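Enquirer: Each chain, written out:
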Amino acid sequence: MKKLINDPFEFVDETIEGLLLAYPNHFERCEGSDRALKRADGPVEGKVGIVTGGGSGHIPVFLGYVGPGLLDAVSIGNVFSSPSPDDMLAATKAADSGAGVLHLYGNYSGDKMNFGMAAEMAEMEGIEVQTSLVADDVVSAPVAERDSRRAVAGLMFAYKVAGARADEGASLAEVKEAADLAIFNTRSMGVALSSCTIPAAGEPTFEIADDEMELGMGIHGEPGLRRTKIMSADEVVDEIIANILPDLPFEEGDEVAVLVNGLGATPPEELFIMYRRVVHRLDEAGITIRQRYIGEYATSMEMAGASVSLMKLEGDLPRLLDAPAYSPLLPQWPK
Amino acid sequence: MKKLINDPFEFVDETIEGLLLAYPNHFERCEGSDRALKRADGPVEGKVGIVTGGGSGHIPVFLGYVGPGLLDAVSIGNVFSSPSPDDMLAATKAADSGAGVLHLYGNYSGDKMNFGMAAEMAEMEGIEVQTSLVADDVVSAPVAERDSRRAVAGLMFAYKVAGARADEGASLAEVKEAADLAIFNTRSMGVALSSCTIPAAGEPTFEIADDEMELGMGIHGEPGLRRTKIMSADEVVDEIIANILPDLPFEEGDEVAVLVNGLGATPPEELFIMYRRVVHRLDEAGITIRQRYIGEYATSMEMAGASVSLMKLEGDLPRLLDAPAYSPLLPQWPK
Amino acid sequence: MEKLSASDVIAFLRMLADEMPTHKERLRELDAEIGDGDLGVTIAIGMKAIRDGLPELEGDEPGVILARSGMNFNREAASTFGAIFATALMSAGKHVRGKAEIEVEDLPGMIEAAASGVSARGGARPGEKTILDVLLPMAETLEREVAEGSSLPEAARAAHETCLEALEKTKEMEAKHGRGGWLKEKSVGVQDPGSTAICLMVDCFARFVSGGDQS
Amino acid sequence: MEKLSASDVIAFLRMLADEMPTHKERLRELDAEIGDGDLGVTIAIGMKAIRDGLPELEGDEPGVILARSGMNFNREAASTFGAIFATALMSAGKHVRGKAEIEVEDLPGMIEAAASGVSARGGARPGEKTILDVLLPMAETLEREVAEGSSLPEAARAAHETCLEALEKTKEMEAKHGRGGWLKEKSVGVQDPGSTAICLMVDCFARFVSGGDQS
Ligand SMILES: Nc1ncnc2c1ncn2[C@@H]1O[C@H](COP(=O)(O)OP(=O)(O)O)[C@@H](O)[C@H]1O
Ligand SMILES: Nc1ncnc2c1ncn2[C@@H]1O[C@H](COP(=O)(O)OP(=O)(O)O)[C@@H](O)[C@H]1O
Ligand SMILES: [Mg+2]
Ligand SMILES: [Mg+2]
Ligand SMILES: [Mg+2]
Ligand SMILES: [Mg+2]
Numbered sequence: 099m100k101k102l103i104n105d106p107f108e109f110v111d112e113t114i115e116g117l118l119l120a121y122p123n124h125f126e127r128c129e130g131s132d133r134a135l136k137r138a139d140g141p142v143e144g145k146v147g148i149v150t151g152g153g154s155g156h157i158p159v160f161l162g163y164v165g166p167g168l169l170d171a172v173s174i175g176n177v178f179s180s181p182s183p184d185d186m187l188a189a190t191k192a193a194d195s196g197a198g199v200l201h202l203y204g205n206y207s208g209d210k211m212n213f214g215m216a217a218e219m220a221e222m223e224g225i226e227v228q229t230s231l232v233a234d235d236v237v238s239a240p241v242a243e244r245d246s247r248r249a250v251a252g253l254m255f256a257y258k259v260a261g262a263r264a265d266e267g268a269s270l271a272e273v274k275e276a277a278d279l280a281i282f283n284t285r286s287m288g289v290a291l292s293s294c295t296i297p298a299a300g301e302p303t304f305e306i307a308d309d310e311m312e313l314g315m316g317i318h319g320e321p322g323l324r325r326t327k328i329m330s331a332d333e334v335v336d337e338i339i340a341n342i343l344p345d346l347p348f349e350e351g352d353e354v355a356v357l358v359n360g361l362g363a364t365p366p367e368e369l370f371i372m373y374r375r376v377v378h379r380l381d382e383a384g385i386t387i388r389q390r391y392i393g394e395y396a397t398s399m400e401m402a403g404a405s406v407s408l409m410k411l412e413g414d415l416p417r418l419l420d421a422p423a424y425s426p427l428l429p430q431w432p433k
Numbered sequence: 099m100k101k102l103i104n105d106p107f108e109f110v111d112e113t114i115e116g117l118l119l120a121y122p123n124h125f126e127r128c129e130g131s132d133r134a135l136k137r138a139d140g141p142v143e144g145k146v147g148i149v150t151g152g153g154s155g156h157i158p159v160f161l162g163y164v165g166p167g168l169l170d171a172v173s174i175g176n177v178f179s180s181p182s183p184d185d186m187l188a189a190t191k192a193a194d195s196g197a198g199v200l201h202l203y204g205n206y207s208g209d210k211m212n213f214g215m216a217a218e219m220a221e222m223e224g225i226e227v228q229t230s231l232v233a234d235d236v237v238s239a240p241v242a243e244r245d246s247r248r249a250v251a252g253l254m255f256a257y258k259v260a261g262a263r264a265d266e267g268a269s270l271a272e273v274k275e276a277a278d279l280a281i282f283n284t285r286s287m288g289v290a291l292s293s294c295t296i297p298a299a300g301e302p303t304f305e306i307a308d309d310e311m312e313l314g315m316g317i318h319g320e321p322g323l324r325r326t327k328i329m330s331a332d333e334v335v336d337e338i339i340a341n342i343l344p345d346l347p348f349e350e351g352d353e354v355a356v357l358v359n360g361l362g363a364t365p366p367e368e369l370f371i372m373y374r375r376v377v378h379r380l381d382e383a384g385i386t387i388r389q390r391y392i393g394e395y396a397t398s399m400e401m402a403g404a405s406v407s408l409m410k411l412e413g414d415l416p417r418l419l420d421a422p423a424y425s426p427l428l429p430q431w432p433k
Numbered sequence: 236m237e238k239l240s241a242s243d244v245i246a247f248l249r250m251l252a253d254e255m256p257t258h259k260e261r262l263r264e265l266d267a268e269i270g271d272g273d274l275g276v277t278i279a280i281g282m283k284a285i286r287d288g289l290p291e292l293e294g295d296e297p298g299v300i301l302a303r304s305g306m307n308f309n310r311e312a313a314s315t316f317g318a319i320f321a322t323a324l325m326s327a328g329k330h331v332r333g334k335a336e337i338e339v340e341d342l343p344g345m346i347e348a349a350a351s352g353v354s355a356r357g358g359a360r361p362g363e364k365t366i367l368d369v370l371l372p373m374a375e376t377l378e379r380e381v382a383e384g385s386s387l388p389e390a391a392r393a394a395h396e397t398c399l400e401a402l403e404k405t406k407e408m409e410a411k412h413g414r415g416g417w418l419k420e421k422s423v424g425v426q427d428p429g430s431t432a433i434c435l436m437v438d439c440f441a442r443f444v445s446g447g448d449q450s
Numbered sequence: 236m237e238k239l240s241a242s243d244v245i246a247f248l249r250m251l252a253d254e255m256p257t258h259k260e261r262l263r264e265l266d267a268e269i270g271d272g273d274l275g276v277t278i279a280i281g282m283k284a285i286r287d288g289l290p291e292l293e294g295d296e297p298g299v300i301l302a303r304s305g306m307n308f309n310r311e312a313a314s315t316f317g318a319i320f321a322t323a324l325m326s327a328g329k330h331v332r333g334k335a336e337i338e339v340e341d342l343p344g345m346i347e348a349a350a351s352g353v354s355a356r357g358g359a360r361p362g363e364k365t366i367l368d369v370l371l372p373m374a375e376t377l378e379r380e381v382a383e384g385s386s387l388p389e390a391a392r393a394a395h396e397t398c399l400e401a402l403e404k405t406k407e408m409e410a411k412h413g414r415g416g417w418l419k420e421k422s423v424g425v426q427d428p429g430s431t432a433i434c435l436m437v438d439c440f441a442r443f444v445s446g447g448d449q450s
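Chains as they are written, first to last, in this note's numbering: chain A, 99 to 433; chain B, 99 to 433; chain C, 236 to 450; chain D, 236 to 450.
Keep in mind that the hints were calculated from the coordinates and are not lab data.
Just so you know, not all the hints are guaranteed correct.
[Said to hold, decoys possible] Here are the simulated EDC-like cross-link-like pairs (lysine to aspartate or glutamate), alpha carbons at most 16 Å apart as the crow flies:
id: 1; chain 1: D; residue 1: 404; chain 2: D; residue 2: 389
id: 2; chain 1: A; residue 1: 410; chain 2: A; residue 2: 352
id: 3; chain 1: A; residue 1: 100; chain 2: B; residue 2: 308
id: 4; chain 1: B; residue 1: 100; chain 2: A; residue 2: 333
id: 5; chain 1: A; residue 1: 100; chain 2: B; residue 2: 139
id: 6; chain 1: D; residue 1: 283; chain 2: D; residue 2: 311
id: 7; chain 1: D; residue 1: 283; chain 2: B; residue 2: 243
id: 8; chain 1: D; residue 1: 334; chain 2: D; residue 2: 409
id: 9; chain 1: D; residue 1: 419; chain 2: B; residue 2: 266
id: 10; chain 1: C; residue 1: 421; chain 2: C; residue 2: 338
id: 11; chain 1: D; residue 1: 334; chain 2: D; residue 2: 243
id: 12; chain 1: A; residue 1: 100; chain 2: B; residue 2: 310
id: 13; chain 1: B; residue 1: 100; chain 2: A; residue 2: 308
id: 14; chain 1: D; residue 1: 259; chain 2: B; residue 2: 301
id: 15; chain 1: C; residue 1: 406; chain 2: C; residue 2: 268
id: 16; chain 1: A; residue 1: 410; chain 2: A; residue 2: 278
id: 17; chain 1: B; residue 1: 100; chain 2: A; residue 2: 332
id: 18; chain 1: B; residue 1: 433; chain 2: A; residue 2: 139
id: 19; chain 1: A; residue 1: 100; chain 2: B; residue 2: 332
id: 20; chain 1: D; residue 1: 411; chain 2: B; residue 2: 243
id: 21; chain 1: C; residue 1: 419; chain 2: A; residue 2: 243
id: 22; chain 1: C; residue 1: 283; chain 2: A; residue 2: 108
id: 23; chain 1: B; residue 1: 100; chain 2: A; residue 2: 305
id: 24; chain 1: B; residue 1: 100; chain 2: A; residue 2: 243
id: 25; chain 1: C; residue 1: 411; chain 2: A; residue 2: 245
id: 26; chain 1: B; residue 1: 100; chain 2: A; residue 2: 309
id: 27; chain 1: A; residue 1: 100; chain 2: B; residue 2: 243
id: 28; chain 1: C; residue 1: 411; chain 2: A; residue 2: 243
id: 29; chain 1: C; residue 1: 259; chain 2: A; residue 2: 139
id: 30; chain 1: D; residue 1: 411; chain 2: B; residue 2: 301
Since this is a predicted model, take the numbers as computed values, not measurements.
Given these sequences and hints, build the entire structure.
Expert: This is the structure:
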């Protein structure tokens, strides 16, 4: 296990300790929980609160999206496991200033069940809660079963858009509407070249030969579309684009935002090589790129691989993408 | 080779192509060179130009530090190899608005010889050139031979400080003075857990067993202090701190900036675990952390590992660190 | 053993919490094949949470001990399995609310209650490769055993045998829930990791009520 | 072959550019042991640059062809080796400025010029595990060969033998320059990668002037 860690069972708590030591003006613990963090300056009076959460091991997802113009609080699970309902409830309370709270997270059964319990408890305590689930990975289920798809890096678009909308003073229903539009308009697909290792498990999650890759793998190492010999960057992008475009569909004349996301070990150089090909392909398809994000926005520990996400820009989305937002765990927003 | 690339000999040029497609308002090619980039809005009238350069494979080093409040132009070599004097000259010309140019780069013999030739040529063309060399890696030579030390992630401090000073309208001598103070006050040491692979070489640069790490390795895989069984994050930090503190020396009452830098494959979670320990150790030593940077500021392709850099804050350094600066390839500046 | 007093339940949970983490690697492997590989860690952390919570439950009635232990598991090791398992223990615990002892006659109803709680929580139906596929057959077996007048150890051993057979059948099922659900037909051939964990627990229970480690 | 005309120099450089990349892996390995592993790639790219530049040099005199080829190498494959090698070729080329043919009598001076150019560029002195440690012994050998009236092929083969012996001696040297310099005593035992490349080139030259591949 090639890791710079101490006791693997302390991995998450030591990460949080380091984070709080690093950014004491940005993050604070939520009352009554060791596994929930909030904006140090929150809750913001009158603003709809946005809460996310999920397993650890994906920084900047999830906690790296807490900040002005983004999310208000986050609950933190063990590596690749859901946070507990108690932590989610603590985050929900910490995010609520009376305007209600949006639970915005990835479509994973553990998170859904636990957030479901937390939402019930929050409502019993008088907090209005709505839920939006990100489900952007096109290979995880056919488009007819979109509701069962899993979330990958497309989370970023949903967070950015919902956070900006809440910042504008929108109501809970309006924030959810913006998040849902971002979610509906986003499609992603990835490729994995090597496994990650859950620290406390001690073994790589999957085996993969030196000359193999897996197309469509999820960000926890969930099996994907197919295992193949390593393909070139251009071939990989071509196959991803071929899967993504017809799914929404993205069509000639559309404007999109593009996210080329690194899963961890893949260097930025390779993401630029991939982005290059994305531009060529979208040019051919008559699709205009209005904004692009290239870097690590959702990782899987030290997994090598990358994903491409497209969000079709409609209505408020361009404005909300460009709105100011800050978190010390994110790349600088491209201008 | 677990890489998302096409022809390995096109690696650098395709990276640059992707970068230019991504940020056309930020980067532009320098006249007469395919391997030199400048700020799209440069040269800035009356401002001292700052030029860097070096081998590819370290993003955001080197080209990711071009931008407002940072550097003006960069020359780009093959992976881990120096740029050519022609490219350096092109960058130097593109950075010069008449106020002279600082060549600010890492202390590597290839870069030094080639930059040396470029500086001679630039001077023949009437451009005043000064040079500052970053040499922060404490394990590469004893302190008495500081001039022969190599550069690692401490480059970031020198870039940030020099860029901010130039932005203030300082003269070439003043910009060099600020850069030299940052360089003199910075000490770094790293650890590598796995090798990187130069794409065109096709083989990992070094072999390292699954349960081994190398303390003090350079960012190109240059052998370090010693090969050991994997140590815990806390032990690694303790050894790094023990090597760094006496070297300057950093002493009780000092204020410092800390950089915990990921080399590529090491996830942010582990950097926070390390930062936690850095805080504990510096607390004990009576050293105050005024600013901290945690993330990927200088990488070695997909190498797993990390480094810790400290810069003692004196004179203008705190002000210059906090000055505004922008590049889409860097993490957001911590507030 | 013919009945489980509150302190018996605590003793059983302590034995379970000591034993289950030894299966961490096996559960990790199964979950890695059709999921994300965290089930072994989840069981290890969750069982430790159950154990750590037991002293505080001293003096409570059996049903409360079970329900609270389920919540303790999911507090420290929340996950799909955590939520499902907590729901199962809470439902089973509710079924024996107010009772000072658990008798063999209570078992069928407890397992049925667990199954319907799980189904309500996660929306699974029989045949979808979830722990329902071992809970429901066990409930049937236990009902038959009780009707036939079996002792608690006899009933528990019969339940464990049924559980193993049912677990074997999960191999042929196509997962519809959780991470396995994304695999569709590719999930066929691997036994359900969560059901495997349940079988290991039932085995432990059968040995506990038989008064010793006879596995 | 007794003299090298401009077109001979071009033919030699073409042969060199074809051959050297076949040693890429060996040079990569050596450089990885005491450096950063890029020398093989540098040679492959630089030699291709020399080859691609040859058509444009058609019609130039031998010294210019050498000097320009050195610059072409370092333009595409700049590096420590690139700068050093370009300097060496430029210095050697300057030494035969104005001459239409290179004769055996020119060789000692060319190699001496290369050595002093390299020393001026990189500050290395003999015994510091750099290409100086093969260049200087070769210059001596060539001087002796010329004094003894050897033919060009004889002199070239003698130079190659000296080069190999000198290369062997670099193993025992401690690097003081470049990346090897950070290794100090740990650099002992490995032969100098850059000098290895030079020896391979001299071998190629000896075979070229001997009129065929006799290696
Ligand atoms: N809807 C469901 N109802 C009952 N059991 C389920 C359900 N979904 C999953 N499970 C059980 O949970 C197990 C996986 O647990 P876990 O590893 O925690 O899931 P994940 O890591 O995917 O969140 C499965 O093997 C299955 O037995
Ligand atoms: N100062 C010097 N003078 C002469 N040759 C040198 C000098 N420094 C290094 N070299 C030669 O260059 C070789 C390394 O070249 P290269 O791989 O390009 O270096 P790097 O990758 O460290 O920049 C060494 O093996 C040595 O022969
Ligand atoms: Mg999980
Ligand atoms: Mg090099
Ligand atoms: Mg799992
Ligand atoms: Mg080298």
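Enquirer: Starting from residue 283 (chain D), check that the Cα of residue 243 (chain B) is at most 16 Å away, please.
Expert: violated (38 Å)
Enquirer: Residue 100 (chain B) and residue 333 (chain A) were given as a pair; does the straight-line alpha-carbon distance stay at or below 16 Å?
Expert: holds (15 Å)
Enquirer: When you check the alpha-carbon spacing of residue 283 (chain C) and residue 108 (chain A), does it fall within 16 Å?
Expert: holds (14 Å)
Enquirer: For the pair supplied as a hint, residue 100 (chain B) and residue 305 (chain A), confirm whether the alpha-carbon distance does not exceed 16 Å.
Expert: holds (14 Å)
Enquirer: Take the C-alpha atoms of residue 259 (chain C) and residue 139 (chain A), compute the straight-line distance between them, and say whether it is at most 16 Å.
Expert: Since the Cα atoms of residue 259 (chain C) and residue 139 (chain A) sit roughly 41 Å apart, the hinted pair is violated (cutoff 16 Å).
Enquirer: Quick one, are residue 411 (chain D) and residue 301 (chain B) close enough, alpha carbons at most 16 Å?
Expert: Not OK: residue 411 (chain D) and residue 301 (chain B) at ~27 Å, beyond 16 Å, violated.
Enquirer: Given the hint that residue 334 (chain D) pairs with residue 409 (chain D), test it: the Cα-Cα distance must not exceed 16 Å.
Expert: violated (39 Å)
Enquirer: Between the alpha carbons of residue 100 (chain A) and residue 243 (chain B), is the straight-line distance 16 Å or under?
Expert: violated (33 Å)
Enquirer: Compare the distance between the alpha carbons of residue 419 (chain C) and residue 243 (chain A) with 16 Å, and conclude whether the hinted pair is satisfied.
Expert: holds (12 Å)
Enquirer: Taking 16 Å as the top limit, are the C-alpha atoms of residue 100 (chain B) and residue 308 (chain A) close enough?
Expert: Satisfied, since the Cα-Cα distance of roughly 7 Å is no more than 16 Å.
Enquirer: Just to be careful, I want the Cα atoms of residue 100 (chain A) and residue 308 (chain B) compared with a cutoff of 16 Å; is the pair within it?
Expert: holds (7 Å)
Enquirer: Between the alpha carbons of residue 410 (chain A) and residue 278 (chain A), is the straight-line distance 16 Å or under?
Expert: Status holds; Cα separation ~13 Å.
Of the numbered hints listed earlier, those contradicted by the structure are 1, 5, 7, 8, 9, 10, 24, 27, 29, 30.
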